[in-house]
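Chemist: Sequence:
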Amino acid sequence: MMSSAMVAPTPVSLRLAQRMSRMKTSAVREILKVAERPEILSFAGGLPAPELFPVEAIAQAHAEVFANEGPAAMQYSTTEGYGPLREWICAHLAQRGQRATIEQVITTAGSQQGIDLVAKVMLDPGDVVVVENPSYLAALQNFDGYQARIECVGSDDEGMKVDELEELASRCRPKLIYLVPNFHNPKGTTLSLARRHALVRFAQRHGVLILEDNPYGELRFRGEALPSLASLDDTGVVVQLGTFSKTLAPGLRIGWAVGSREMMRSLTIVKQSTDLHTATLAQRATARLLKTFDYDAHLLRLRAVYGQRCQTMLTALETSMPEGTKWTHPDGGMFLWVELPKGMRGEELLPRAIEQRVAFVPGSPFFAANPRAECIRLNYSNRPPELIEEGMRRLASVLSAQ
Numbered sequence: 167m168m169s170s171a172m173v174a175p176t177p178v179s180l181r182l183a184q185r186m187s188r189m190k191t192s193a194v195r196e197i198l199k200v201a202e203r204p205e206i207l208s209f210a211g212g213l214p215a216p217e218l219f220p221v222e223a224i225a226q227a228h229a230e231v232f233a234n235e236g237p238a239a240m241q242y243s244t245t246e247g248y249g250p251l252r253e254w255i256c257a258h259l260a261q262r263g264q265r266a267t268i269e270q271v272i273t274t275a276g277s278q279q280g281i282d283l284v285a286k287v288m289l290d291p292g293d294v295v296v297v298e299n300p301s302y303l304a305a306l307q308n309f310d311g312y313q314a315r316i317e318c319v320g321s322d323d324e325g326m327k328v329d330e331l332e333e334l335a336s337r338c339r340p341k342l343i344y345l346v347p348n349f350h351n352p353k354g355t356t357l358s359l360a361r362r363h364a365l366v367r368f369a370q371r372h373g374v375l376i377l378e379d380n381p382y383g384e385l386r387f388r389g390e391a392l393p394s395l396a397s398l399d400d401t402g403v404v405v406q407l408g409t410f411s412k413t414l415a416p417g418l419r420i421g422w423a424v425g426s427r428e429m430m431r432s433l434t435i436v437k438q439s440t441d442l443h444t445a446t447l448a449q450r451a452t453a454r455l456l457k458t459f460d461y462d463a464h465l466l467r468l469r470a471v472y473g474q475r476c477q478t479m480l481t482a483l484e485t486s487m488p489e490g491t492k493w494t495h496p497d498g499g500m501f502l503w504v505e506l507p508k509g510m511r512g513e514e515l516l517p518r519a520i521e522q523r524v525a526f527v528p529g530s531p532f533f534a535a536n537p538r539a540e541c542i543r544l545n546y547s548n549r550p551p552e553l554i555e556e557g558m559r560r561l562a563s564v565l566s567a568q
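According to the numbering used here, the residues represented by the sequence shown are 167 to 568, in order.
Treat the hints with caution; some may be incorrect.
As the list claims (entries may be wrong) - For each label pair, taking beta carbons as the anchor points, the in silico distance ranges come out as:
1. A391 - T440: 29 to 39 Å
2. G236 - E513: 42 to 52 Å
3. G263 - P177: 30 to 40 Å
4. T481 - A229: 39 to 49 Å
5. I435 - D460: 29 to 39 Å
If you are wondering where the hints come from, they were derived from the structure by calculation, not from laboratory data. A virtual CB, placed ideally from N, CA and C, is assigned to each residue, including glycine.
With the sequences and hints as input, model every part of the structure.
Modeler: The structure is reproduced here in C-alpha cells:
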C-alpha cells in the first residue's frame, strides 16, 4: 500500500541562457538584507531621505486623478508615455539649457529601465562598452546581461579620464560609452566642463553613443551647475536619462530618456516588447502633481538637507578617521567614496562593522576590472546629522582596531 505522505518531486535541471553565467547578484542588495536591520546604522543603500518625500502632495495628485481621470488612468496607454508629462520634462530641460521636443522624450520605469533599453537597442554580444572604473554597479550588471565586452578608463576627482579614450579606440571599436557625469555613483565626483566638451567631440568623431545617466543632477548643493552632455551635442550621439526617483520618490518608478527622434523610435520599439508602457496611473498622477506642486522649492529643500548631511559626514570623517584614510568631497548627490588606510580591505571590514552596528558597501563590486579592495562607498542622504556622526564614530572604531 502506498504511503499517504507527500513525496517531493525531483527538480528538473533547466538549461538557462548563456548570459546568466555572466550575471552576478548585486552586492549592494545582498548587503542591504543585513544592513537594514533596525539596530544597524546603514550607510550602504542609495536611499533618498523618506521624510522628504512629498507624500501628501503625491496622495492628493492620485486622488485627483481617480476623481477626474479614473477610467483613463486605469487603461493601457502609449508606449512613448503620457503626453503632458513628457511636455513638462521638455520644459524642465529647457530651463536648464537643454532643448528637446516631445518626440525626443519617452518615459521609463525609472532611469534603470533606460539603461536596459539603450543596451537592448545598441549591443550585440561582444560589442564594446566603455565605462569609468569604478562605475555604477547595476549598469555593469546590465551590460554583462547583453554579453558586452566592458572596457575601462580611469577616473579621478574630475570624473572620467577622457584623454584615455583615444588610446582605447586605437585597439578596439567602442559602441557605447556609459557614465554618470554628475555626482557619480559610487564616487560622488563630477565630470569637469573641459572633459564634457572633449567627450562629446570624441563621440562625434568616432560615431559612438554616449549614455548620460543623470539621476543625481538636480541635487547640487555646492558650486555652479555644468551643462549636460546632451546640451553640448547637436548630432544625436547622446542619450540622456533622468528620473524622479531621487527627487520625488523612487516608488513612483518614473524616469525618462531623451535623445534623437531616431533613437527614441528604436527605444519605443524595444519598450513595447518589454512592458508595453510605463504605469499609466503613476504617470498621470506625477503630471498632475507637477501642475501645482512647487517642484523648484522642493529641490531647494533637498539640496539644503543633503548638503548639510554631506558636510556632517565630511567633518566626522576628518575628526575621527585614522591616518591614511582619504575621501572625495562631493558637490551634490548622495554618496562619497573612501579609500581606507593601506592594508585594509572593505570586504574584510564589513562583518566587523556589522558587529559594531554600522554598514557600508565595499568598493570592489563597482570595478569592472582591477578592483580596489581598499575602497568603500558611503551614503549620506538617508540619515540625519546626529546619526551620521554616531555612524562615523562606529566606523572609525572599526578601522582603528585594525
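Chemist: In this structure, is the beta-carbon distance linking I435 and D460 contained in 29 to 39 Å?
Modeler: Holds - the Cβ-Cβ distance for I435 and D460, about 37 Å, lies within 29 to 39 Å.
Chemist: Just tell me: holds or violated, for the beta carbon distance of G236 and E513 against 42 to 52 Å?
Modeler: 51 Å, holds
Chemist: At the C-beta level, are T481 and A229 separated by a distance inside 39 to 49 Å?
Modeler: 43 Å, holds
Chemist: Using the C-beta atoms of A391 and T440, is the stated range 29 to 39 Å upheld?
Modeler: 33 Å, holds
Chemist: Can you let me know if the beta-carbon spacing of G263 and P177 is within 30 to 40 Å?
Modeler: Violated, since G263 and P177 (Cβ atoms, about 57 Å apart) do not stay within the stated range.
Comparing the model with each earlier hint shows a violation of hint 3 alone; every other hint is respected.
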